[in-house]
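Protein chains in written order, with the numbering used here: chain A, 1 to 72; chain B, 1 to 139.
Incorrect hints may have been included.
DSS-like, lysine-lysine: derived pairs with alpha carbons at most 25 Å apart [to be verified]: (1) B:K106 to B:K68; (2) B:K8 to A:K47; (3) B:K6 to B:K68; (4) A:K6 to B:K6; (5) A:K47 to B:K41; (6) A:K47 to B:K106.
Chain A is faced by these chain B residues, among others (derived, beta-carbon under 7 Å) [claimed, not checked]: (7) E69; (8) D72; (9) E73; (10) V75; (11) M79; (12) F118; (13) N133.
Simulated DEER-style distance windows between Cβ atoms [what the hints assert, rightly or not]: (14) B:M21 to A:R12: 37 to 45 Å; (15) B:V50 to A:K54: 51 to 59 Å; (16) A:R50 to B:A123: 21 to 29 Å; (17) B:T87 to A:K54: 53 to 61 Å; (18) A:F18 to B:I17: 26 to 34 Å.
Because the hints were derived from the structure by calculation, they are not lab data.
Ideal Cβ positions, reconstructed from N, Cα and C, are used throughout, including at glycine.
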Amino acid sequence: MTNRLKALRAEREWSQAFLAERLEVSRQSVNAIETGRYDPSLPLAFKIARLFGKRIEEIFEDAEGLGISGKW
Amino acid sequence: MGCLPKSKAEKLYVRRISVTMSVYVLLVFGATWAVRHGHVKGWWLYVCAVVPSLAILRLLQVVGLYLKEETDEFVRQQMVNSILWGTAVVLGLSAVSDFLRGYTGKGELPGFTIFIVFWMVFALAQGIQQLRNRVGGDD
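Hey, can you work out the whole structure from these sequences and the hints?
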């Protein structure tokens, strides 16, 4: 899964520490999500989406889905 | 569980672990002293042998409580990974040891090996994950 978390955070000029505080997680978690080393749970993804005022799919993208050819 | 600010669950975990390990040391020394100096006899010997392990059971409970209370899912996952590493290594070790004993009569592990190896692997896995997931300067 890929995400736009870093870009969205940069747009708002938020630091990782600030975002981590708002999400009530560690900075390590924010960093891991941003770098794609960790995919958040659905509740955390919703929390992130709420914080940025966006829908989940506007922030997270299914990387595998990008390669779907329509064949089953 | 690195140098970053600790969560409420982590602070509780550290405090509980510290208390539990202090009690464990006291119990081990107390029980050993009592048995070596011949102060306990009969079924009290069994009690002395079991009492230190109560602290170990509490230690396992403390880890379970931490997993229940930690709200940071990424940090929680790292701890679960470390527990799985520790469990995998000690299960492998005990299986090899048991087969060795079964076929050759040798290879019996000294007492407490499993326990010590589990926590060593757990700590190593925690350290490796901390290193892999370390964060630099904030931007």
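Cross-check of the supplied hints:
1. Taking the CA atoms of K106 of chain B and K68 of chain B, the gap is about 41 Å. The hint is violated against a cut of 25 Å.
2. Between K8 of chain B and K47 of chain A the CA atoms are separated by roughly 20 Å; this keeps the pair inside 25 Å, and the hint holds.
3. Using a Cα cut-off of 25 Å, the hinted pair K6 of chain B and K68 of chain B holds, with the two alpha carbons roughly 16 Å apart.
4. The suggested pairing of K6 of chain A with K6 of chain B holds, with an alpha-carbon distance near 23 Å, which does not exceed 25 Å.
5. Only pairs whose Cα atoms come within 25 Å are accepted, and K47 of chain A paired with K41 of chain B is rejected, the gap being roughly 61 Å.
6. A C-alpha spacing of about 56 Å is found between K47 of chain A and K106 of chain B, which places the hinted pair above 25 Å, so the restraint is violated.
7. The interface hint given for E69 of chain B is violated, since its Cβ lies 13 Å from the closest Cβ of chain A, which is over the 7 Å cut-off.
8. About 5 Å separates the beta-carbon of D72 of chain B from the nearest beta-carbon of chain A, less than 7 Å, and the hint is met.
9. Among the interface hints, the one on E73 of chain B holds; its C-beta lies about 6 Å from the nearest C-beta in chain A, closer than the 7 Å criterion.
10. Using the Cβ-Cβ criterion of 7 Å, the hint placing V75 of chain B at the interface with chain A is satisfied: the shortest such distance is roughly 6 Å.
11. Checking M79 of chain B against chain A: minimum C-beta separation of about 12 Å lies over 7 Å; hint violated.
12. Below 7 Å, beta-carbon pairs count as interface contacts, and F118 of chain B has none with chain A, the closest being about 24 Å; its hint is therefore violated.
13. Among the interface hints, the one on N133 of chain B holds; its C-beta lies about 5 Å from the nearest C-beta in chain A, closer than the 7 Å criterion.
14. Distance hint for M21 of chain B and R12 of chain A: a CB-CB separation of about 44 Å, consistent with the stated range 37 to 45 Å.
15. For the pair V50 of chain B and K54 of chain A, the beta carbons lie near 57 Å from each other, so the given range of 51 to 59 Å is met.
16. Hint check: R50 of chain A to A123 of chain B, Cβ distance near 37 Å, so the stated range 21 to 29 Å is violated.
17. Distance hint check: the CB atoms of T87 of chain B and K54 of chain A are about 40 Å apart, inconsistent with the given range 53 to 61 Å.
18. Take F18 of chain A and I17 of chain B: their Cβ atoms lie about 30 Å apart, and the range 26 to 34 Å holds.
Of the numbered hints stated above, those contradicted by the structure are hints 1, 5, 6, 7, 11, 12, 16 and 17, listed in ascending order.
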